[in-house]
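A.B. asks: Take the given structure of chain Z and dock chain U to it, following the hints.
2 protein chains.
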Amino acid sequence: MQVIELPQIREALKGIDVLEEVAAGFVAYSRGEAVVPPVGELTFEDPPGDVHIKYGYLRRGQGYVIKIASGFYDNPRKGLPSSNGMMLVFDQQTGEPSAVLLDQGHLTDIRTAAGGALAARCLAPNPVQHRIGILGTGIQARLQLEYLRQVTDCISVLAWGRGDEQLDAYRRDMTAQGFDVATTRDATEVAGTCDLIVTTTPSTEPLLDADAIRPGTHITAMGSDTAEKQELDAAILARADLVIADSIPQCRERGEISHALDAELMNENELVELGSILAGDAPGRTDRDQITVADLTGVAVQDIQIATAVVRALGDS
Amino acid sequence: MQVIELPQIREALKGIDVLEEVAAGFVAYSRGEAVVPPVGELTFEDPPGDVHIKYGYLRRGQGYVIKIASGFYDNPRKGLPSSNGMMLVFDQQTGEPSAVLLDQGHLTDIRTAAGGALAARCLAPNPVQHRIGILGTGIQARLQLEYLRQVTDCISVLAWGRGDEQLDAYRRDMTAQGFDVATTRDATEVAGTCDLIVTTTPSTEPLLDADAIRPGTHITAMGSDTAEKQELDAAILARADLVIADSIPQCRERGEISHALDAELMNENELVELGSILAGDAPGRTDRDQITVADLTGVAVQDIQIATAVVRALGDS
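If you read the sequences in order, they're chains Z and U. Just so we're on the same page, the working numbering is the position in the first sequence counted from 1, plus 379. Just so we're on the same page, the working numbering is the position in the second sequence counted from 1, plus 379.
Mixed in with the good hints, there may be bad ones.
[To be verified] Simulated DEER-style distance windows between Cβ atoms: (1) 411/U <-> 552/Z: 40 to 48 Å; (2) 658/Z <-> 694/U: 45 to 53 Å; (3) 658/Z <-> 552/U: 51 to 59 Å; (4) 606/U <-> 438/Z: 18 to 26 Å.
[What the hints assert, rightly or not] If you want the footprint, here are the derived chain U segments under chain Z, 3+ residues with CB under 8 Å: (5) 435 to 446; (6) 457 to 471.
[Claimed, not checked] Here are some chain Z residues the structure puts well away from chain U; computed CB gaps all over 10 Å: (7) 398; (8) 509; (9) 518; (10) 590; (11) 614; (12) 692.
No lab work stands behind these hints: they were computed from the structure. Backbone N, C-alpha and C fix where the C-beta goes; we use that ideal spot for every residue, glycine too.
Okay, chain Z solo, but in the shape it has when bound (with noise of 0.2 Å):
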């Protein structure tokens, strides 16, 4: 059994093509061929935290994943990531470990921003014809402008933040990436300027209204994992002409589709999954007027492949 450490999976990084192995899970899961039962969960009050437990397995596949993510919102201030955890992979003949991939929430990162890029490329206007509006300025709103370069042309950014000294760190960092990014405190003036806005926060409060939502927008909400985060009006999605779920049944029990399903804004029937539009079953945006969401609540297929192609690349190595 392997120890894989950070610098190790870095390393393995450069040579997967994360975007493809990503989008061949959500395929997969889609068309009924992987094995993912309900999310596992810990919360905890003092400090503030919660862990997910995601795990499965690809019944073609070789191995079995579990991954443990945790979020603990109070770490910054000691100096520490708010995101940890670790990836497992077993043997699907055996259940003996085959590798311990000591991420500290790396992959899962990755794998989430991958989803962010996955459906702007399925649902945003193309081409994205104002800004990229990004809500957040932790790790997830860095990686998922990192990752959308591999979808968009657009270097254009109005971010925004509760905190002025966290609003200059990530324009600051940004633009030494090469983006063109300007900040706001006001979630409005992303609505109305942006088209394709992407939420990254871990708020419980609804930050976008659906009033400001002008007609060509496409917004990628990925901060709401749980059933109590949401970062949109369940408006919104109601208003939207097309809603699409990472899985529905987990959209069902947590994230901001789980919002507007209890307030009776949309029908769970009108849900299309993000790997079926990716299988080319469903039509993803047919009209640049459209409004469309994803939702993305972080589906174990994604740390599936992942963490397999880390390991296989290693292997090959």
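C.D. replies: This is chain U only, laid out in the frame that chain Z set:
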């Protein structure tokens, strides 16, 4: 973060009072001092296997524990033990991993055996007047007997199994440990001659009939840990004077009690938890002629206790 291999774990265990650690865990659990979400489960068809993910934390503890335990039942044919797995310990304040215990399922085996001994301490006739009956010839059939030494002086054993070869090996191994072991392929003989019976098989059909059980018998059923597995005729639970669960919420969903509840042969409010008896909050056996049953499905609090005890012992050494 420490990666701890099996030899280190075995060494650490020498300084740990496993029975008392596990007992304290059951007490904390039954007093509501533990957070233990439902068990995560993955099942495999070809080859047949199941994986259980048990996890949680004590509210006053320092860590949280995630335990992975697999059973792949064709493994022995490949020269491999059927069980495998690992335990992971994380910091409850930050989510940082503190230890990966590569125990290959050993800690699960040990804490399961400790559960059996604790059930016998509360419920077995004292002294055991006839014989200890063991159904099964695998690792648990061995460990249960070893751990029973801590709670009874009885060394007379009747072991039941389906194959002569396995029975012979079991007799040889346990005789070498000082037990006086007879074997049988007739489970009714166990019911008829043993007053402390432990069932340790992965059976999906009842092995013991209600009519065969005599007054003054205690049965610990620990093989059945899924909704499908079953070792006891549900009528045994209906006939018993006292039925205890390691976890009432968990036994509602899996194990012997779930079958008896589904068949409406008993009522959930008749159940008592092992931790309540260990705490002195409920009586155990009160009469020599009672029939008692303990249904042990395996609770994360056992894993929490054993994993944190090992990490503590290694930190102290």
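A.B. asks: Which hint numbers doesn't this structure obey?
C.D. replies: none
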